[in-house]
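What follows is each chain in one-letter form.
Number of protein chains: 2
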Amino acid sequence: METKNYSPGILQYIPFFYVIWSDNLLSYSETSVVKKAIEQDDTLTKEDYNYLIGYLDKKTPPAYQELKHWKKVISNTKIKLVESDTYPLSTFSQKMICHHFDECPFNSHLKDIEINLGIQPNHYNHLFEIEIIKEITSSYYNPVELDAILKGDHASIIDTFRDVLKDPIFNWSIKRDKESFRAHVLKQVEFLAKEGYGAMAYPTLYGGTENMPAYAAIFENMMYVDGSMAVKFGVQFGLFGGSIQKLGTKKHHDAYLSETGKAKLLGCFAMTETGHGSNVRGVKTTATYDKETDTIIIHTPGKNDNKEYIGNALHSSMASVFAQLIVEGKNHGVHAILVPIRDAEHKLIPGVTIEDNGYKLGLNGVDNGKIWFHQVRVPRENLLNKYGDIKPDGTYHSDIENPSKRFFTMLGTLVGGRICVARAGLGGAKKALAIAVKHALKRRQFNDSVKIQEDLLMDYPSHQLRLTPAIASCYVYDITLTHMMKEYSDTTVLDKRKIETQAAGLKSIITWFANNTIQECREACGGKGYLMENQITDLKGDVDIFTTFEGDNHVLLQLAAKGVLSDFKSEFNSAGFTAVLKLLGARIGDKLNTINPIYINNTDKDHLYDVKFHKHAFNYRTRRLTYTVAMRIRDYVKKGIPSYQAFLKVQTHLLALGKAYSVELAYSTFADFTDTIKDEKNRLLFQKISALYALHELKKDASWYLEQGYIGGTKSKALRKHVERLSTELRPHIGVLIDGFGIPEHCMEAPIAT
Amino acid sequence: METKNYSPGILQYIPFFYVIWSDNLLSYSETSVVKKAIEQDDTLTKEDYNYLIGYLDKKTPPAYQELKHWKKVISNTKIKLVESDTYPLSTFSQKMICHHFDECPFNSHLKDIEINLGIQPNHYNHLFEIEIIKEITSSYYNPVELDAILKGDHASIIDTFRDVLKDPIFNWSIKRDKESFRAHVLKQVEFLAKEGYGAMAYPTLYGGTENMPAYAAIFENMMYVDGSMAVKFGVQFGLFGGSIQKLGTKKHHDAYLSETGKAKLLGCFAMTETGHGSNVRGVKTTATYDKETDTIIIHTPGKNDNKEYIGNALHSSMASVFAQLIVEGKNHGVHAILVPIRDAEHKLIPGVTIEDNGYKLGLNGVDNGKIWFHQVRVPRENLLNKYGDIKPDGTYHSDIENPSKRFFTMLGTLVGGRICVARAGLGGAKKALAIAVKHALKRRQFNDSVKIQEDLLMDYPSHQLRLTPAIASCYVYDITLTHMMKEYSDTTVLDKRKIETQAAGLKSIITWFANNTIQECREACGGKGYLMENQITDLKGDVDIFTTFEGDNHVLLQLAAKGVLSDFKSEFNSAGFTAVLKLLGARIGDKLNTINPIYINNTDKDHLYDVKFHKHAFNYRTRRLTYTVAMRIRDYVKKGIPSYQAFLKVQTHLLALGKAYSVELAYSTFADFTDTIKDEKNRLLFQKISALYALHELKKDASWYLEQGYIGGTKSKALRKHVERLSTELRPHIGVLIDGFGIPEHCMEAPIAT
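Here the protein sequences come in this chain order: H and V. Number 672 in our numbering belongs to position 539 of the first sequence; there are no gaps in the numbering. Number 326 in our numbering belongs to position 193 of the second sequence; there are no gaps in the numbering.
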């Protein structure tokens, strides 16, 4: 064997020399450090010393053949480098000698070189065969199976869509100029329309498949490309097209739906006004029917009554305008009217004024604008007349006599958008988590000062705790939203009030969750997360507004709470005080049982991981909060405080109730779903995810449970401990859990995540 | 009187007609609505009816004289319009009749017009004298006095600085292109240098006043202009200049300090490396002394060992480089060396490679870059040699023999930067709060459906709860940081380890607080907060990274915790396991007294607002956590787990301890300060702020206190209740509290805040 040529003294230095000369350059610091170590190494013979020192002269580098020979010597041993060793290179040298000789002591002079040169395995690991001792991520679970479970019924549609996203038009890049960004996003939307995705939710007659659930699923996937693209897509096909589809009748469908689905007719959804952000019912724009000319006159009364923040406003030629419909001097409430805003040359129609909203924190690829109407006339037929119509004789007619009910029926048809916003937020959270986890599985952080190789970020307990419960929540919310959309799209269920309330609550907790998660991911990636190239910043800017648009979260949670209080009998979105008050009487009797002291302090793992415990705890909170809020309101009303004021006084309690209800709903939907997973291995994993979500949510609100005496101090501590334990238990699988999101590889372009 | 000309029937319609015709245009909707009301109004005589209907014909508008006469009729009554009335205009009409006639019933037909026209006071309030019933903000306190308390000793310097900020160079605008943004920020920094602010913290010999506390105060004020400006200023004068001042000796001061203070010599602070974000001690860049040529060779060994994220990297001609100093083959640890990186023509010095870091989430006016050194030689004199020197004979010498102690002494001198980062974060939070509060004092939100005028956003309890505790925290942290900086700058205190620990902890909790607050403000302003023009988005992007730079918050909190565990005896920033372990023995005996059951459930207001209670509660938490963390570590070590691993296992507990200690420190600093306020009125206000901060912080951690049995369920509920109550109590003063921050008016350019 060639290695016999070397004495043990020389042999042990070969790996070091190999590393030092591998880049054909011996630096000054390397010379002196290595020289000193060799000088002090008293285990070397005179011959060894001379041989070694001879290779430290810059003027006489080892010949190529020599280097090649060293490499051979190293490879022939078949020894692998273990990066996680405390001194990987010294240990490697030691093993080399063991391989050839009887004695193989650890040479501390080698260690000194390793420390003083400050070289880490990542500097030279390309030169060696590597042995991975600690597995970075386990392959016990299969990400393809996890992804399949999440995709559910829509697997093939989603897979096809993910393939479509491979087109270069969807490549990510930094875009600072809003004009060119918007132009590009428009092209992307047109591309998707051409592929048939725009019309997806419309009837087949108009180029679609009437598949709203699949639409929602692909909508989430759009977030993997770009938030602006998703939002503009949603405005064009979901809001504008959706208003035609759901508030219009056949004449409107025939005239506009196909063209809308193809993005040939671009439109916007002009609902919100500057002065009345969340109060749709109070919009000031008027739509006055003029019998003489058989036209409707659209008008913005005051300067601040303009339509505000309207997406697609700069590209559209038509707007679906929400206005107070006045017929024969009587206001019939808010209706939607199709109003052309630009002509064939893309010039504004006389009377229409549009201003760019300018730069925003995110979504700068969406052209938001303000719109004013000055006595703009449109034919009577432009009224989207499914729920309220002006007859040819100039009289108003609606099948729904109660104006309030009519209003909320109209709005209700558009609630699918809220589920989509939640889905998009979820997509943002997933992508941020995928980036942060992939980074944490590569990035090493300082640790024990004597160890050369630093630990992986993902091995830190605090890092596990930051990311793992959020990953679990993504699984829970994914399944919940799929379920929600299915119920919402179920045409056999006519009364959608309950599902609308639920969508309002889920949209709130999920978009907040998404924002918190993205922020946590940004911080978990440190300064790298702050660089645009790593894409978390885009998600942060884009998802931020999801807590506000399609209904401000604070407002939505109060609506959800009112829904719960009135057992979903009140009109959705309505102030609904009277309805709620009427129902309170019945529910106030709904006292809760006292909790058993053994239960209060039960910290057995079996109990803590038990679905029954979770369901009971979540349900208890919802019921308890319902009861106390109801009692408070009743007491205020008894004291003569007007109901509006009474509701204002319990506002913070309503928010708590809205959240509690939504978390309970998400948990129980997911827990029930896990039972349906046929494969046991995956079922058990989903049950673990379910437990982590439950315990994490209970922990977050532990002070409330403690106050109520529902749990004791030891049980509260146990919740925390088990959240940490589950996060650590899932550590080996975290890479797989992330891959289970199914984010296409071509959408994971962040340098830190590749 | 002219008004006698009108019958009561006509008179009551005059205000409406005046409003309708005031814009010289009677719209269709207005005609029909008003016509219908008049037709149905059976209180009108035939004459009244004819007169009124006569004014509804577009073809015959009232003459200018007529309109003027109506105005006179209205003005003469001296009646004021009350916007907060349920039906402001109808009520106004009613008062007009009362003014002239005996009977004055409320006419519901007028109300119908008001509702159906959908006109709100903001459409016509310019036409009337207005009476404000509900005061938007009280003038009981004086913002100037509050500002004076916060400014403390530095009032005149701060005031002068705020005046300087009036220069148009500090005007805000949207900047999307990083090149022009950076160029502008450079100009701003040069402008400030010319005004003498750059050198402020340097000795008088070099153009300064050696006033670090005042420097920190103006630093916060820079955030009111722009985060990029503040950060670039901090890099140039605080980090680069600070390293020369504090790590260098007279020869360096003489050569560079004046020019640095004038921004004639631009420099950067090259510490962080790509591969070793938070581990400064583990930087890989080498500085090898070559005796032959008497030079130091700066070298980047591996591709990922480059200096990363270095601010000012693209404008600088010199860098203060942190590298492993190798002399005579021995590594003496990290030292700073001044390395020229560009020549007089701004060309890179051979061997230096610099890459732009590109776009970031925020701070795009700061030119961050990556720097590689390839065998770059500098004279031996360029070593900043205050704590470690290479003698002319080529030997290394340091007065501090222990390398670890030497390292942390060097770093410790730079800790002032952390206090400045916290101050800047605080400035960002203040500005965001000012914008959000000013908006909430103007913006109206929907409410009771029968009320015409909507409530102010600020009147919603949930809104008060979102913003008021954050305002209180700003006051607390302001005073705390001023105190910290004073202690830090006190040259009579030689051992800075305690203050360094404290700065680490405070930097963490305050920068997190700032980020959460800015986010809350963004959401509290709804979609308006998302528009760049309203400036919260800039703060969001800029302040975000404060949680990461100048020490990652997670790392800093653990350092703070280790400081507490070792009674501030361990080396700052050190892993310091041994020091900590040594000290644990002594502290483990520190058991806490049992809490009295009466105390546990005491919900008296006097008790809850008592400083003694707050201090005890905060101190109890710190001590208890110290004790339990110490016990856990001891148990692990007893089991034979290496100390590094043991600390890893208690990581989440260390974070909790670091936070607890920092909150206690902030609270007690503030509470003690309030006692020194001479004016009783302001002292009581500050005490209220102090109580709100304390109760809010205790509430946030209520589950922990409940678990410990320190408070009972009823007391926990009482905490929440009093946080809400105090927030509501401070509602009338919220405008003044915000003005008390002293943000110059010329820095409040956001449209929603003006």
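Bear in mind the hints are in silico, worked out from the structure with no lab data behind them. All values derive from a computational prediction rather than experimental measurement. Don't take every hint at face value.
One copy or two, it doesn't matter: identical chains are merged, so the pair holds either way.
[To be verified] Pairs of lysine-lysine, BS3-like flavour, derived with a Cα cap of 25 angstroms:
no. : residue 1 : residue 2
1   : 524       : 168
2   : 383       : 299
3   : 832       : 854
4   : 575       : 436
5   : 299       : 213
6   : 782       : 832
7   : 854       : 771
8   : 519       : 814
9   : 850       : 519
10  : 463       : 192
11  : 524       : 192
12  : 519       : 395
13  : 397       : 538
14  : 299       : 833
15  : 850       : 738
16  : 833       : 854
17  : 201       : 436
18  : 179       : 168
19  : 519       : 772
20  : 204       : 284
21  : 384       : 397
22  : 745       : 436
23  : 424       : 192
24  : 463       : 244
25  : 228       : 201
Task: In rising order, the numbers of the hints this structure does not comply with - done: 2, 5, 8, 9, 11, 13, 14, 19, 20, 22
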